[in-house]
Amino acid sequence: MTDGAAQSSSCTMPPRRSLFCKYFATLFVAAVVPLILGAAVEASFGYRDQRRQISAVLQADARAASDRIEAFTDGIRDQLGWMVQLPWSAGDDAQHKIDALRLLQQVPAIVSVSLLDETGTERVFVSRLLLNRTGRGIDMSTDPAVLGARANKVWYGPVQYQRDSEPYMRIAVAGSLPAAGVAIAEVNLKLIWDVIAAIRIGETGYAIVVDDSGHLIAHPDISLVLRGRASSGSFGRIKHLVGAASGAAAITGDQGNPVVALSVQAADVGWTVIAMQPASEAFASIRAALWRSSILIAFGVLIALALAYWRAHRMSGPIKQLEEGVERIRTGQFEHRIKIFSDDELQQLALRFNEMASELAISQQKSARIERLKQFLPSQVAELVEHSHELLEGQRREVAVIFGDLRGFTAFSTRNEPDVIMAVMREYYEAVGAVTTRHEATLIGFDGDGVMLLVNAPVACEQPATQAVRLAIDLQMTVQSLAGKWCDAGHAIGFGVGVAMGPATVGTVGYDGRLDYTAMGAVVNLASRLCNLAKDAQILADPTIAGRVRDSVPLASLGQRTIKGYDQALEIFAVAPVDLPLKPPGSGQRRREKEPQDD
Amino acid sequence: MKRREFILLIGGGLAWPAIARAQGGAKLHRIFWVSTQSEPDPFLDGFREGMRALGYVEGKTVTFETHYSPGNPQALRKIVSELQRGDIDLVVSSGPATRVMTAVTDIPVLFALSGDPVALGVVKSLAHPGTNFTGSTFLSLELAGKRVELLKDIYPRLRKLAVFSNTDHPGEPLEWRATLESCRNLGVEAAYVPFCGAREIENGLMAAGKVDADALLVFPDAVTLVHRANIAEFAIAHRLPSMFGWSEYCDAGGLLSYGANQRTTYFRLATYADRILRGENPSDLPVMRPEKFELAVNLKTARLLGIDLDVSSILFRASKVIS
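Chain order of the listed sequences is A and B. The opening position of the first sequence corresponds to residue 1 in full-length UniProt numbering, with each subsequent residue numbered one higher. The opening position of the second sequence corresponds to residue 1 in full-length UniProt numbering, with each subsequent residue numbered one higher.
A hint or two may mislead.
Unchecked claim - Straight-line C-alpha distance at most 27 angstroms; calculated DSSO-like pairs for lysine-lysine: (1) Lys300/B to Lys320/B; (2) Lys97/A to Lys210/B; (3) Lys320/B to Lys97/A; (4) Lys210/B to Lys320/B; (5) Lys366/A to Lys22/A; (6) Lys124/B to Lys160/B; (7) Lys535/A to Lys564/A; (8) Lys97/A to Lys22/A; (9) Lys22/A to Lys160/B.
No wet-lab data here; the hints were simulated from the structure. Given the structure is predicted, the values throughout are model-derived calculations rather than measurements.
Please work from the sequences and hints to get the whole structure.
As structure tokens, this is what we get:
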């Protein structure tokens with residue numbers, strides 16, 4: 001029992017937890033998943049919008065920077081255009097020189113200007129650093145600047161780093177008249193810094209300029225430009241990555257931080273303007289939105305946790321209570337009641353449970369009563385009382401009735417003390433009871449030294465006659481063995497049995513709680529009479545029994561006898577005495593002594 | 001103009017990362033200032049101003065330890081050993097002191113040179129110094145010839161030019177050679193008037209007065225800068241059109257000057273000092289060169305000289321006119 005309980009409790013523990021977990025998980029997931037899903041969708045859309053917006057802003061800024069750089073180079077180009085408006089004529093070198101000096105004054109980025117005549121010979125050279133020259137100088141007709149300018153009117157030279165540090169380029173412009181010659185300006189590109197540094201994208205974003213091969217031309221940190229070609233590796237990579245992307249590209253910037261960048265070509269000079277903004281700043285608003293969402297989600301998760309816990313607890317708590325209740329009922333505590341006030345099906349269930357418990361208690365009381373009843377009723381009857389009422393209903397059926405009666409009991413009882421009598425009676429009753437139980441007969445009752453047994457009622461059997469005869473034989477033998485013992489103790493007591501079979505009315509009679517099961521009819525009287533007729537150790541049977549058992553049990557006819565209460569004589573049979581055990585010596589004497597008294 | 005705007009304008013390209021970051025760090029930085037010039041030192045003042053503009057407070061976040069050894073660079077060698085004590089964050093040297101500082105290899109050294117730092121051997125290249133040295137070079141050498149030319153432009157009758165030079169200045173021979181070559185090209189006779197350091201300046205001027213020159217060219221350096229008023233006064237007194245290196249000379253009465261803006265140069269030096277103090281490696285900081293040159297002309301002096309000057313040839317090119 002204890003093992004079973006331990007086992008059952010160890011079995012019930014995990015499922016209880018799992019039910020709680022299931023409810024908890026389901027409720028939690030149901031609340032949190034839509035929340036997270038919603039936030040994720042919102043974030044992804046927000047990110048896309050933000051990305052598009054960043055692209056637009058960078059595009060605008062890069063375009064603006066590119067426009068400014070074009071304005072810078074266009075300004076130089078236009079200024080040089082002034083230099084080559086008029087054809088060269090003898091002696092106006094001085095005027096050209098003044099024009100060139102004024103150009104230097106006008107455009108700070110120009111370091112030097114060369115003015116060439118239509119043959120490509122240098123006529124005027126003015127510089128901020130070197131000595132000015134006028135008059136016919138070196139022949140530059142094969143210089144790429146001259147060739148380029150003659151071919152396309154305007155020529156932009158490649159970026160070159162003076163002493164591998166300062167970026168310079170040459171711009172050449174040819175006049176519309178070939179006779180006007182060519183003007184070549186050497187431009188210090190450090191001065192583009194003014195253009196680039198003025199561009200701020202957001203708070204910390206900036207623009208840089210690289211040439212076609214990825215060399216840095218302008219950067220807000222001019223020291224990077226001054227590093228010359230050596231620093232161009234990372235900028236070449238940035239140019240390549242940004243150029244390959246459509247729209248804004250998320251890359252690692254020149255300072256090693258993640259940036260969002262977009263490039264625009266400055267068409268004339270073939271440079272690339274790259275506008276970049278640190279990703280941290282560009283995505284600041286979306287990150288803030290994500291943070292807000294995260295906080296909301298965290299908040300929602302907490303609420304969902306609390307709610308799910310509460311709900312699951314509300315669900316599993318009563319179930320646990322019910323389970324405990326069942327366990328207590330199982331151990332017989334029928335007075336246990338479950339208290340659930342949840343105003344729902346669980347409360348209803350608890351109500352039903354309590355009703356069940358009270359009905360079980362009543363049922364248990366009944367059962368207990370039946371147990372007590374069994375002590376007084378034939379066990380078959382008791383069982384029947386317990387299980388079926390129909391069999392106990394009054395009904396007419398064929399039954400075998402067996403009567404047994406002690407011989408010489410009256411004399412014994414008068415001669416002996418009550419306690420001796422009670423001891424004999426107890427032995428006798430026990431023996432009779434044992435035989436009755438053995439043969440599944442119904443003990444109707446003891447009447448002093450007499451006993452009445454019933455076969456085939458209320459429980460039917462296949463061969464009532466045979467069973468009744470066998471019971472009679474067994475009863476006779478059992479009591480005779482007792483009688484032998486009593487005889488040894490000096491008590492001369494014998495035992496006779498009568499068996500009859502026939503229709504009788506069987507059923508319960510009595511009042512209120514005190515009920516008896518009995519049979520009524522001629523057959524009962526006949527059995528009783530036969531018992532009376534029977535001598536010690538004799539079993540008398542009526543013709544009906546005899547007719548039924550003749551084949552299996554040897555019988556001896558005793559001839560016609562007149563029976564009290566019967567109009568005509570009946571043939572009576574004695575169950576063959578051969579089956580009976582040998583009487584101990586002296587039993588004949590005892591029989592002889594007794595016979596007259598009982599008759 | 002507000003200080004911040006000024007620094008953005010002048011030193012912006014170099015100060016850019018520094019400005020991008022917050023002005024942080026309450027640490028007291030020790031800057032060792034070494035010079036072969038004598039006090040008062042206009043360069044130190046310019047540098048100090050630059051540091052102030054970058055948010056440094058003297059005595060609180062920066063302190064200067066100045067060491068002067070006028071006219072005697074060798075005397076500074078002893079100072080090098082003092083640097084070993086370890087609490088110096090940065091050395092700033094100007095002029096010949098830089099050469100002495102080559103012995104310093106573990107402390108960043110910022111220099112302001114008129115000559116070529118690669119030729120001096122303190123950096124490997126202008127783009128990548130590759131050493132603990134970086135700084136600014138004034139390109140005086142390249143401008144030396146240009147100054148003669150400008151002087152001839154304003155005073156076409158120039159035949160003999162007195163070249164007033166402090167021999168104590170590093171690169172001075174090179175500058176003299178460049179000047180001499182340019183004089184030859186322009187058909188001008190050069191009269192070399194050397195002097196050594198501040199003590200000799202009066203004697204130098206007296207010598208210059210005796211060479212019978214048409215004009216005076218003064219090499220820019222700290223000594224002549226300090227004594228610029230005297231020199232300008234001398235030039236006017238001797239009716240010599242004068243040419244100087246920096247516009248400060250013109251403010252003091254010099255006729256012409258052509259050169260980089262000193263203030264800009266020292267502001268830029270200050271931004272480099274700031275970047276180095278913030279942890280950048282000087283070997284990665286390219287040597288700076290000025291890209292804008294000022295031509296200043298003092299019309300008052302021109303009038304005082306009372307000689308026939310072709311001022312119109314200069315005026316339209318001048319970036320600064322004092323009248």
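Taking the hints in turn, this is what the structure says about them:
1. Lys300/B to Lys320/B: 13 angstroms, holds
2. Lys97/A to Lys210/B: Violated, because 36 angstroms separates the two Cα atoms, which is more than 27 angstroms.
3. Lys320/B to Lys97/A: 21 angstroms, holds
4. Lys210/B to Lys320/B: 31 angstroms, violated
5. Lys366/A to Lys22/A: Not satisfied, since the Cα-Cα distance of roughly 42 angstroms exceeds 27 angstroms.
6. Lys124/B to Lys160/B: 39 angstroms, violated
7. Lys535/A to Lys564/A: 17 angstroms, holds
8. Lys97/A to Lys22/A: Not OK: lysine 97/A and lysine 22/A at ~94 angstroms, beyond 27 angstroms, violated.
9. Lys22/A to Lys160/B: 107 angstroms, violated
Checked against the numbered hints above, the structure violates hints 2, 4, 5, 6, 8 and 9; every other hint is satisfied.
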